[in-house]
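A.B. asks: Letter by letter, the chains look like this.
Protein chains: 2
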Amino acid sequence: MKSDIDALMRARNLDAILIAGGEGYSEVRDYMSNGAHITGGYIVKKLDAEPVLFVSGMETEEAKKSGYQVVGWNELGLMDLYADHDPDTATVLFWEKCLKAAGVDSGTVGLYGRGDINTYVQLFALANQKLDGYQFVGETGRTLFAEAFLTKDEVEIERIKSVADRTNEVVEAAWNYIASHKANDDETVVNEDGEPLTIGMVKRFIRVQLMERGLEDTGMIFAQGRDAGFPHSRGEDAEALKLGQSIVFDLFPRELGGGYHHDMTRTWSIGYATPEVQEAYDDVMTAFDKSLEDFGVGKATHSMQEVVLDYFEGNGHSTGRSDSTANEGYVHSLGHGVGLLIHERPSISHIRREDVWQVGNVVTIEPGLYYPEKGFGVRVEDLFIITENGELISLTSFKKDLVLPLNG
Amino acid sequence: MKSDIDALMRARNLDAILIAGGEGYSEVRDYMSNGAHITGGYIVKKLDAEPVLFVSGMETEEAKKSGYQVVGWNELGLMDLYADHDPDTATVLFWEKCLKAAGVDSGTVGLYGRGDINTYVQLFALANQKLDGYQFVGETGRTLFAEAFLTKDEVEIERIKSVADRTNEVVEAAWNYIASHKANDDETVVNEDGEPLTIGMVKRFIRVQLMERGLEDTGMIFAQGRDAGFPHSRGEDAEALKLGQSIVFDLFPRELGGGYHHDMTRTWSIGYATPEVQEAYDDVMTAFDKSLEDFGVGKATHSMQEVVLDYFEGNGHSTGRSDSTANEGYVHSLGHGVGLLIHERPSISHIRREDVWQVGNVVTIEPGLYYPEKGFGVRVEDLFIITENGELISLTSFKKDLVLPLNG
Numbered sequence: 008m009k010s011d012i013d014a015l016m017r018a019r020n021l022d023a024i025l026i027a028g029g030e031g032y033s034e035v036r037d038y039m040s041n042g043a044h045i046t047g048g049y050i051v052k053k054l055d056a057e058p059v060l061f062v063s064g065m066e067t068e069e070a071k072k073s074g075y076q077v078v079g080w081n082e083l084g085l086m087d088l089y090a091d092h093d094p095d096t097a098t099v100l101f102w103e104k105c106l107k108a109a110g111v112d113s114g115t116v117g118l119y120g121r122g123d124i125n126t127y128v129q130l131f132a133l134a135n136q137k138l139d140g141y142q143f144v145g146e147t148g149r150t151l152f153a154e155a156f157l158t159k160d161e162v163e164i165e166r167i168k169s170v171a172d173r174t175n176e177v178v179e180a181a182w183n184y185i186a187s188h189k190a191n192d193d194e195t196v197v198n199e200d201g202e203p204l205t206i207g208m209v210k211r212f213i214r215v216q217l218m219e220r221g222l223e224d225t226g227m228i229f230a231q232g233r234d235a236g237f238p239h240s241r242g243e244d245a246e247a248l249k250l251g252q253s254i255v256f257d258l259f260p261r262e263l264g265g266g267y268h269h270d271m272t273r274t275w276s277i278g279y280a281t282p283e284v285q286e287a288y289d290d291v292m293t294a295f296d297k298s299l300e301d302f303g304v305g306k307a308t309h310s311m312q313e314v315v316l317d318y319f320e321g322n323g324h325s326t327g328r329s330d331s332t333a334n335e336g337y338v339h340s341l342g343h344g345v346g347l348l349i350h351e352r353p354s355i356s357h358i359r360r361e362d363v364w365q366v367g368n369v370v371t372i373e374p375g376l377y378y379p380e381k382g383f384g385v386r387v388e389d390l391f392i393i394t395e396n397g398e399l400i401s402l403t404s405f406k407k408d409l410v411l412p413l414n415g
Numbered sequence: 008m009k010s011d012i013d014a015l016m017r018a019r020n021l022d023a024i025l026i027a028g029g030e031g032y033s034e035v036r037d038y039m040s041n042g043a044h045i046t047g048g049y050i051v052k053k054l055d056a057e058p059v060l061f062v063s064g065m066e067t068e069e070a071k072k073s074g075y076q077v078v079g080w081n082e083l084g085l086m087d088l089y090a091d092h093d094p095d096t097a098t099v100l101f102w103e104k105c106l107k108a109a110g111v112d113s114g115t116v117g118l119y120g121r122g123d124i125n126t127y128v129q130l131f132a133l134a135n136q137k138l139d140g141y142q143f144v145g146e147t148g149r150t151l152f153a154e155a156f157l158t159k160d161e162v163e164i165e166r167i168k169s170v171a172d173r174t175n176e177v178v179e180a181a182w183n184y185i186a187s188h189k190a191n192d193d194e195t196v197v198n199e200d201g202e203p204l205t206i207g208m209v210k211r212f213i214r215v216q217l218m219e220r221g222l223e224d225t226g227m228i229f230a231q232g233r234d235a236g237f238p239h240s241r242g243e244d245a246e247a248l249k250l251g252q253s254i255v256f257d258l259f260p261r262e263l264g265g266g267y268h269h270d271m272t273r274t275w276s277i278g279y280a281t282p283e284v285q286e287a288y289d290d291v292m293t294a295f296d297k298s299l300e301d302f303g304v305g306k307a308t309h310s311m312q313e314v315v316l317d318y319f320e321g322n323g324h325s326t327g328r329s330d331s332t333a334n335e336g337y338v339h340s341l342g343h344g345v346g347l348l349i350h351e352r353p354s355i356s357h358i359r360r361e362d363v364w365q366v367g368n369v370v371t372i373e374p375g376l377y378y379p380e381k382g383f384g385v386r387v388e389d390l391f392i393i394t395e396n397g398e399l400i401s402l403t404s405f406k407k408d409l410v411l412p413l414n415g
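Protein chains in written order, with our numbering: chain A, 8 to 415; chain B, 8 to 415.
If several chains are the same, the list does not tell them apart, and a pair holds so long as it fits within one copy or across any two.
Under the rule of at most 27 Å between Cα atoms (straight-line distance), these lysine-lysine pairs were calculated in the DSS-like manner:
(1) K71 / K9
(2) K71 / K249
(3) K72 / K249
(4) K381 / K71
(5) K407 / K189
(6) K72 / K381
(7) K168 / K306
(8) K249 / K381
(9) K104 / K137
If you're looking for bench data, these hints aren't it; they were derived computationally from the structure.
All chains, please: the whole structure from these sequences, using the hints.
C.D. replies: Laid out in structure tokens, this is it:
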């Protein structure tokens with residue numbers, strides 16, 4: 008968690024972190040600025056010191072919301088650097104000014120943030136060439152921030168719980184909205200004027216519900232029938248809802264403008280469920296329950312995925328383990344960490360095997376079965392936290408009913 | 008524009024482009040996939056050939072919307088690479104498989120896309136070390152995509168015009184919404200029950216209006232009084248609207264889920280304007296009109312900024328040219344290109360001097376004056392296109408009235 012950053016820096020022999028990157032929202036910038044919504048600039052954190060924010064004069068007010076020291080670019084003579092040097096040299100000389108202003112006179116500097124790859128591979132090389140006394144380094148895999156994000160502190164947990172509560176309300180509102188309709192002879196869901204209810208209309212309803220609660224959609228899935236059989240197909244806006252089709256509804260909004268997420272999925276079948284969808288649903292729910300039994304703090308997370316793989320394979324479903332090229336059956340990992348990013352560590356995967364359950368993890372558990380050729384898919388997903396008592400607790404309170412009856 | 012990409016590759020001696028990058032929406036991925044909303048994967052474009060998309064099995068359906076060839080990762084044996092190699096080596100060996108599958112057997116490969124800097128500086132070095140026959144290169148400044156984005160083709164212009172029309176409607180709706188209120192004795196704007204109208208309420212109204220038109224907010228500014236004096240202060244949600252305060256309202260939404268933007272700003276003063284705000288407003292409008300007179304295809308864009316700098320400085324305002332550390336007066340550039348990114352080339356700046364007006368440019372013109380210590384700021388911004396006839400035409404039809412009268 009955030010309080011581990013100095014230890015994580017020490018483990019990497021970093022004397023400082025320099026967060027750079029392009030314009031726009033950035034999770035790492037958010038994390039290191041206490042949620043100040045700066046859309047550019049640099050953050051330098053010296054080992055065992057508070058971060059310092061370096062922003063354009065236009066962003067100093069926003070940056071001050073971090074509670075940290077804020078330095079305007081012009082105070083450091085940015086314009087003079089650009090007047091005297093080519094732009095790339097000016098940029099890396101400005102990095103040096105920021106580092107020195109944060110008390111970092113030399114040493115190993117971890118370069119983080121999100122930016123244009125083509126730009127930063129050049130600037131990285133130039134900085135290592137031009138700036139005497141500094142060594143800039145990158146890292147892959149379980150990076151400093153991936154490790155920090157692994158566990159959440161109390162402030163983060165409270166924010167995630169609040170997003171969870173609001174998301175559950177929105178899913179309930181969506182259920183009630185659909186339920187308020189009726190079906191015509193064609194098994195199409197229609198309003199009282201007989202007009203079809205489309206996926207686009209449902210998504211718009213959901214987005215407004217999210218916004219009214221200070222949340223924003225980040226690409227929800229509302230996929231029906233064959234589309235539900237592709238785990239990441241988002242669904243077709245123009246398509247009308249139909250009775251007896253599986254609908255995979257995966258909602259993973261975040262705080263408006265960037266922030267913490269909640270991630271949940273329900274599978275609904277309006278009016279009735281076909282026997283094969285019901286059977287797949289029952290298998291998914293059994294897998295869901297079995298996975299929970301495997302949980303234990305300190306245990307490897309991949310064990311839980313293997314419980315689900317064993318169960319599905321034993322029930323005749325192909326999986327990503329039994330056939331890595333399979334496009335049907337159980338084709339993804341069981342879950343992932345959730346925070347400022349929608350996909351964080353830990354992974355619950357048979358491939359990424361190094362993660363272990365820890366207090367402070369916030370993770371999805373989301374078994375699913377996909378049969379696009381048979382015209383359906385099923386996934387059920389809750390978001391869980393691991394409490395200080397070592398318990399795995401769901402934040403996703405909304406009911407797990409498959410059949411959504413119409414009452415319009 | 009997009010049809011220039013082969014020429015832009017040739018000018019850089021690139022045999023291929025590899026677009027990589029992290030999860031989520033990416034403008035370059037959008038641009039090179041005809042707007043398919045893939046959230047990961049690679050795109051390879053060989054010189055003089057169509058792009059090929061390499062995506063996980065979960066995204067093949069979405070990727071096919073590009074109209075280009077789509078290859079699933081597993082078809083190329085991704086899992087075997089991860090089984091046989093450390094993850095970084097597996098990743099760069101997979102890049103090689105993608106390149107070969109797109110017919111690129113060797114040569115210079117431009118690496119593009121947006122990703123974690125720490126990751127890509129490592130992978131870039133590793134790819135150049137491990138992959139015989141390929142040289143991976145980055146670039147800064149006026150990059151291939153910055154140059155391609157400089158001018159828009161007909162399809163792009165039509166999309167931007169549609170976003171412009173919808174944004175103008177939303178601004179009109181916001182004007183009417185505010186106007187439907189009244190003021191209390193305190194000069195606070197209130198509804199018919201006497202409850203204050205806050206900035207947060209106005210922003211929520213605007214976001215819903217955007218969404219109903221298939222647009223999404225990307226961080227609008229609605230900043231009043233002293234906040235309006237900081238160009239990028241977004242405004243305080245809890246603050247009630249007041250009579251006689253300058254409000255800078257900068258709205259720059261994009262197509263829902265990522266896509267083309269429109270960018271416009273109006274300054275409003277509810278009920279009445281103070282003389283000093285009116286005077287600054289008149290200066291800004293004069294600067295706006297003078298800047299348009301300087302336009303000509305083939306002319307350097309910085310000339311237009313200099314016209315505005317000359318005018319403001321002549322009228323006693325400090326500028327970023329007369330004092331680069333100034334926080335009041337005219338403290339930013341006159342405008343910028345707009346497209347998939349909110350800030351593109353050309354720049355209308357006295358610092359970035361290399362851009363020249365071209366048919367197909369889509370640019371903002373946005374003079375402003377900022378006096379935070381005096382408690383106000385003013386900015387007026389339209390989005391312009393340069394037509395095939397070489398005319399500079401505004402897409403921002405909404406009126407430029409300063410005073411917004413209440414009629415509630």
